[in-house]
Amino acid sequence: MTFTAQFVARRLGAAVLVLLVVISGTFLLSHAIPADPARAAAGLHAGQAQVQAVAHQLGLDQPLWNQYLTYMGDVLRGNLGISYVSRTSIEPQLAAALPATLELVLCSFLVCAIFGVIAGMAQAWWPRKAGTRLLRGTSILGTALPVFWFAIILQLVFAARLNWFPIEGRLGADTLPPPHLTGFYTVDALLSGQWSAFGDAVIHLVLPVLSLVAWMFALTSRVAERSFATELTRPYVQTAVARGVSSSRLLWRHVLRNALNPIITMLGLQFGWLLAGTILVEVVFSWGGLGSVMYTALQNFDYPMIEAITLVITVAFVVVNLVVDLLYPVVDPRIRRQ
Amino acid sequence: MAIVAVEAAQPAPPGPAQVAARRGRVARVTRWWPALLIGIWLLLIVFPQVLAHQNPYTLNPVNALAAPGAKHWFGTDEAGRDVFARCVYGIRYSVGISIAVVLIAAVIGAALGGLAGLGSKIADNLVMRTTDIFLAFPYMILAIAIAAAEGPGLTTVLIALTAVWWPSYARLVRGQLLALREQPFIEGARAVNTPLHRIFLRHMLPHLAPQLYARIAIDIGYAILAMTGLSFLGLGAQPPTPELGAIIADARNYTLQAWWYATLPGLFILAAVVSAIVIGNRLERVAGGSPA
Chain A
173 MTFTAQFVAR RLGAAVLVLL VVISGTFLLS HAIPADPARA AAGLHAGQAQ
223 VQAVAHQLGL DQPLWNQYLT YMGDVLRGNL GISYVSRTSI EPQLAAALPA
273 TLELVLCSFL VCAIFGVIAG MAQAWWPRKA GTRLLRGTSI LGTALPVFWF
323 AIILQLVFAA RLNWFPIEGR LGADTLPPPH LTGFYTVDAL LSGQWSAFGD
373 AVIHLVLPVL SLVAWMFALT SRVAERSFAT ELTRPYVQTA VARGVSSSRL
423 LWRHVLRNAL NPIITMLGLQ FGWLLAGTIL VEVVFSWGGL GSVMYTALQN
473 FDYPMIEAIT LVITVAFVVV NLVVDLLYPV VDPRIRRQ
Chain B
45 MAIVAVEAAQ PAPPGPAQVA ARRGRVARVT RWWPALLIGI WLLLIVFPQV
95 LAHQNPYTLN PVNALAAPGA KHWFGTDEAG RDVFARCVYG IRYSVGISIA
145 VVLIAAVIGA ALGGLAGLGS KIADNLVMRT TDIFLAFPYM ILAIAIAAAE
195 GPGLTTVLIA LTAVWWPSYA RLVRGQLLAL REQPFIEGAR AVNTPLHRIF
245 LRHMLPHLAP QLYARIAIDI GYAILAMTGL SFLGLGAQPP TPELGAIIAD
295 ARNYTLQAWW YATLPGLFIL AAVVSAIVIG NRLERVAGGS PA
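Just so you know, the sequences run in chain order A and B. Going by the numbering used here, the first residue of the first sequence is number 173, and it counts up by one from there. Going by the numbering used here, the first residue of the second sequence is number 45, and it counts up by one from there.
Think of the hints as simulated: they come from the structure by calculation, not from any bench. Glycine is no exception: its CB is placed at the ideal position from the N, C-alpha and C atoms. There's no promise every hint is true.
To be verified - Reference listing, derived: stretches of chain A covered by chain B, where coverage requires no fewer than 3 residues with Cβ under 8 Å from a Cβ of chain B:
{"hint": "1", "stretch": "188-201"}
{"hint": "2", "stretch": "310-319"}
{"hint": "3", "stretch": "415-425"}
{"hint": "4", "stretch": "441-448"}
{"hint": "5", "stretch": "455-466"}
{"hint": "6", "stretch": "482-493"}
Start from the sequences, fold in the hints, and give me the full structure.
Take a look at the structure:
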């Protein structure tokens, strides 16, 4: 077996194991830790008999071991259970909410990754310029911002006061959602050629994306800066400078690829943090994605829903980190040759 | 001759010794302000009444949602309570619990990391695979899930955040111990049959301490963000407890009528987190051995 195949097989195996453990973890959180899940399912005003009936109906009166096996089997078949509140399957509700969240998270992620790496590069290239210090200072201030509070500030200033951006939601009241293809309003609108809907969707994205980016930007730029700064001290950089390579070519063609590894690792972790952090932002902007569904579930002690969302977000996190692991040998030939 | 006279008349340029002395003086001043910051926050946690002269629980519906003024610096909330007093008393919960979370997590993490780094291979594997499981989740979502399973409350938040915070300390301590273990002074201690726990507590931990302090300080900042976030989602402090995240959550229904109610409490969170990061950076620099 070649090294690459071995590498891929090992990482895939590890990811599958982690996923099994994660599913067990969400089982514990939804079935074993809550004091009385049946009570939560039956509602606050249910009588004892009603609670027992609900427990029986949902299989909550079975031994924990049995419940575990049933849960495991269900989840592996893609059945995430039944919401205590709506009493319907969870999957359609999540499938409807997922694109909204992904659209927001992917946009924030791209903005953060692109501008963060460029900012890090600039900071490493001009370490002592006043602009660098200013950028560094403001981005550290960004990490110290409570993301939900900053979202409210943006909403108050740019939506309520200045009226530059809409206050909440994914589309204005007078815009019809574009035909459902991907569930991403921006992409759907483009695909169906509805320019006004596209513009509306983009304008609705600005403030939520800005809140998430402010929170993550400093981390990206700092990791990028450190990585670039380390690379810039290497002999090949001096050689390139001596050969008269222009600074932009040096940074983009020579240094960037070498500096990429730690940046990719960090971006993978960030994706997961964004998926979790988006809950706070979605609540503020009534975004209607996983975060909004999670918030409603939290208010109602809807344990299956809470754990289903936890599971979906964690699976996404594990998959992204797997992709990152598999990217290393692609980006860095040194790893392939080891 | 004339040239010499002109040179003598001009003030001598500061020599390296003088520059160093001036830097030393500046450093002596700046060395103390992190301690001052810590002192201020601890004072506010223990004696909030020093800064807040009103009762954070006193209802006054007649004066609901009053704008900030001389009497109510941050205005009043929907029940006429003084928002500034609620914020200052809220520091006790938001910052106090975050400090507790990180300290408990650091102790648990250091103990388990010590076990992993110095104990048997089995213990090492057990601890490390457990941290793997915890780190497989995005920390915020895990904290939310744990807190939701336990039911809302301040104790819940404390447990949930401690549960997601200890693994990083276990890893940090274990990694450092593995490196330290090869040092001659540890080998010497072993050679004279010093018990393992004594080696850990007396010989190794003091080496890790400066780094741990820096990490703890910065983490307290991030714990404050996580803590107020959980409270904002309704998982933490329950009404009428004044907790900064919960205050902002309550204020969300009134953002358009009363801008001060949701915005001003956030300044306290921001100030607390910035203080923690600044103190942490300072400790990091001290631990790194570079000049202050």
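Hints, one by one, checked against the model:
1. Three residues within the 8 Å Cβ limit are the bar, and the stretch 188-201 of chain A against chain B gives 6, so the coverage statement holds.
2. Proximity of the stretch 310-319 of chain A to chain B, defined as three or more residues with a beta carbon under 8 Å from a beta carbon of that chain, is established by the 7 residues found.
3. With a threshold of 8 Å between beta carbons, the proposed coverage of the stretch 415-425 of chain A by chain B is violated, since 0 of its residues qualify and at least three are required.
4. As drawn, the stretch 441-448 of chain A meets chain B at 4 residues by the rule of a beta-carbon pair under 8 Å; at three or more, the given contact holds.
5. Residues of the stretch 455-466 of chain A lying with their CB closer than 8 Å to a CB of chain B number 3, which satisfies the three-residue condition for coverage.
6. Counting residues of the stretch 482-493 of chain A whose beta-carbon sits less than 8 Å from any beta-carbon of chain B gives 5, enough to reach three: the coverage restraint holds.
Against the hints set out earlier in the document, a violation occurs for number 3 only.
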